[in-house]
Amino acid sequence: MERISERQAMLIGAGIIFDATLISIPAQLLGVAHQDAWLTYLVAGVAVAASLWLLSRVGSRFVEVDLYEALVTRFKWVGRMVVLMYTFFVFFLVCRDLRMVSDFVNIHLLQKTPLVVISILVVLVVVFIARGGVELLARMTELYLPLLFFVVLILPLLLGKEFELRYYKPIFEHGVGDVLEGGWLAVSYVSEIALLPFFLSHKVFRLRTGLYGMGIGVFFLTLLIALNIVTLGPHIASRFMYPNIELIRQIRITDFLDRFDIAIVSIWLPSIITKIGYLLYICCHGIKRVTPGMSAKQITTAVGLVALTCSFWFFENSIQLIKVNYVWPVVATLFAFVLPLLMFFFLKPKPMR
Amino acid sequence: MSTYILKAMFVIALVLLLEWRVLRRESRSTRWLYFSMLGVSTCIWLYLGIEDKPVRPSVWLEQVLSPLSINNLR
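Chains as they are written, first to last, in our numbering: chain F, 25 to 377; chain H, 4 to 77.
Just chain F, with the same shape it has in the complex (with noise of 0.2 Å):
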């Protein structure tokens, strides 16, 4: 059984809400809730905290082994059909991240190269991390996430000459309803977290972990859409496709490094390839624990490969993927609350004779 500690758990829980949701939903956030976009995360993560706690608390119940293990052992037919609704839902999250990084590198890297090309070369890194298991994940994620985490938290001194904060102003112009609204976009991204008692046993995913995790990744999002409303401003950092990729595009330190986009990108790429590579981790985990018997580790690329033909079947282009965060929120609420909720009341162990 491959182990992991509670810091390195919680630094997965802060990677998987943020990593994917800096290029995919602030400049909906943005047009949504204007320059009260800050607050839409920390709404979002209050929203996500009432989720962790079910969970666990149904991890509490089956302390030794993960959440697709107790469904399946509890509930022989129901439990696999439930580890099957998460797996191909996770499945989807797999190819819209994937469709993501893919249509970013190919935007703003690598114009000339076909999209297939880059996506074959994302799916075999994220093919080869994931087969390493959760071990390899866990320890990617331990040498770039705070890397990342150390860029950010320096932006504002880098931009500090670019703040102007009469952009904050006025608060709640258009109501509380906006930020609400906004809260409830994010809910779809920040809730991924909710997926890690799936594959990880409540000995290791308690939850002050996912709390911890949650809180971390929450607050470098809000840091980071503030940034883009004193920077940019909201009128304008919503009509970017990318707007933390223009934030970033306004630092200026010296002649010689006007280009410090791409630094910044070459951390944040392994950071969204590990990511991938754990929800491509816990899709096979889902397969394996529905069919026993599996090899987890041998199927997944067969797994990369099917979501990699299956992200360019889904979305037709990269606007695809924003239309589809506006309705994305319903179907993340049904795995994020209502079934945790149904897990509340039903998951238990059997009585002892």
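There's no promise every hint is true.
What the hints assert, rightly or not - Residues of chain F clear of chain H, computed beta-carbon distances all greater than 12 Å:
1) 66
2) 173
3) 205
4) 225
5) 232
6) 236
7) 240
8) 265
9) 311
10) 328
11) 336
12) 370
Unchecked claim - Okay, the calculated bits of chain H under chain F, using three or more residues with CB under 8 Å as the criterion:
13) 28-37
14) 47-59
15) 65-74
Stated by the list, open to error - The list that follows gives simulated cross-link-like pairs (lysine to aspartate or glutamate, DMTMM-like), each with its CA atoms no further than 25 Å apart:
16) F:321 x H:29
17) H:56 x F:188
18) F:136 x H:55
19) F:312 x H:29
20) F:321 x H:22
What the hints contain is simulated information worked out from the structure, not anything from laboratory work.
Built from N, CA and C at the ideal position, the CB exists for glycine as well.
Starting from the known structure of chain F, fit chain H onto it as the hints suggest.
Leaving out everything else, chain H in the frame of chain F:
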């Protein structure tokens, strides 16, 4: 169309070349699932090559859930 078939065949041949030695030692169920996923992957790839306007699950999902979309609720 033929380009799509060639690409699919090339990728599958490459995957099998790299994985076959390990895959041979695996259980029958693992091998079956592995090959069926390769088959599904190839079918999707060819479907995308044949169809000009393929049916996309995300578009379908968007249409089904559109009454609950934040854009329509505002």
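Checked hints:
1. Distance check on residue 66 of chain F: its Cβ is at least 18 Å (rounded) from any Cβ of chain H, clearing the 12 Å threshold; non-interface status holds.
2. For residue 173 of chain F, the condition that its CB be more than 12 Å from all CB atoms of chain H holds, with the nearest at approximately 30 Å.
3. The claim that residue 205 of chain F lies off the interface is violated: its Cβ sits roughly 6 Å from the closest Cβ of chain H, which falls inside the 12 Å cut-off.
4. Look at residue 225 of chain F: its CB is around 24 Å from the nearest CB on chain H, clear of 12 Å, so calling it non-interface holds up.
5. Every CB of chain H is more than 12 Å from the CB of residue 232 of chain F (nearest about 32 Å), matching its label as outside the interface.
6. The claim that residue 236 of chain F lies off the interface holds: its Cβ sits roughly 30 Å from the closest Cβ of chain H, which is beyond the 12 Å cut-off.
7. With a least beta-carbon separation of about 27 Å from chain H, residue 240 of chain F lies farther than 12 Å from that chain, consistent with its non-interface assignment.
8. Under the 12 Å C-beta cut-off, the non-interface status given to residue 265 of chain F relative to chain H holds; the minimum distance is some 18 Å.
9. Once the 12 Å rule is applied to beta carbons, residue 311 of chain F is inconsistent with being away from chain H; the minimum gap is 7 Å.
10. Annotated as non-interface, residue 328 of chain F brings its C-beta within 12 Å of a C-beta of chain H; the closest such distance is 9 Å.
11. At the 12 Å boundary, the C-beta of residue 336 of chain F falls inside the reach of chain H, the nearest C-beta of that chain being 6 Å off.
12. Interface exclusion of residue 370 of chain F from chain H stands, the closest Cβ pair being 26 Å apart, more than 12 Å.
13. Note: the region 28-37 of chain H has 6 residues with beta-carbon separation from chain F under 8 Å; the three-residue rule is met and the coverage holds.
14. For the region 47-59 of chain H, the stated coverage by chain F holds: 6 residues have a C-beta nearer than 8 Å to a C-beta of that chain, and at least 3 were required.
15. Under a criterion of three residues with beta carbons nearer than 8 Å to beta carbons of chain F, the stated coverage of the region 65-74 of chain H is upheld, 7 such residues being counted.
16. Annotation: proposed proximity of residue 321 of chain F to residue 29 of chain H holds, straight-line Cα distance about 11 Å (limit 25 Å).
17. At roughly 46 Å between alpha-carbon atoms, residue 56 of chain H and residue 188 of chain F are farther apart than 25 Å, so this suggested pair is violated.
18. A threshold of 25 Å between alpha carbons decides the hint, and for residue 136 of chain F with residue 55 of chain H the separation of about 23 Å falls inside it, so the pair holds.
19. For the proposed pair residue 312 of chain F and residue 29 of chain H, the alpha carbon gap of about 13 Å is at most 25 Å, so the pair holds.
20. Only pairs whose Cα atoms come within 25 Å are accepted, and residue 321 of chain F paired with residue 22 of chain H is accepted, the gap being roughly 12 Å.
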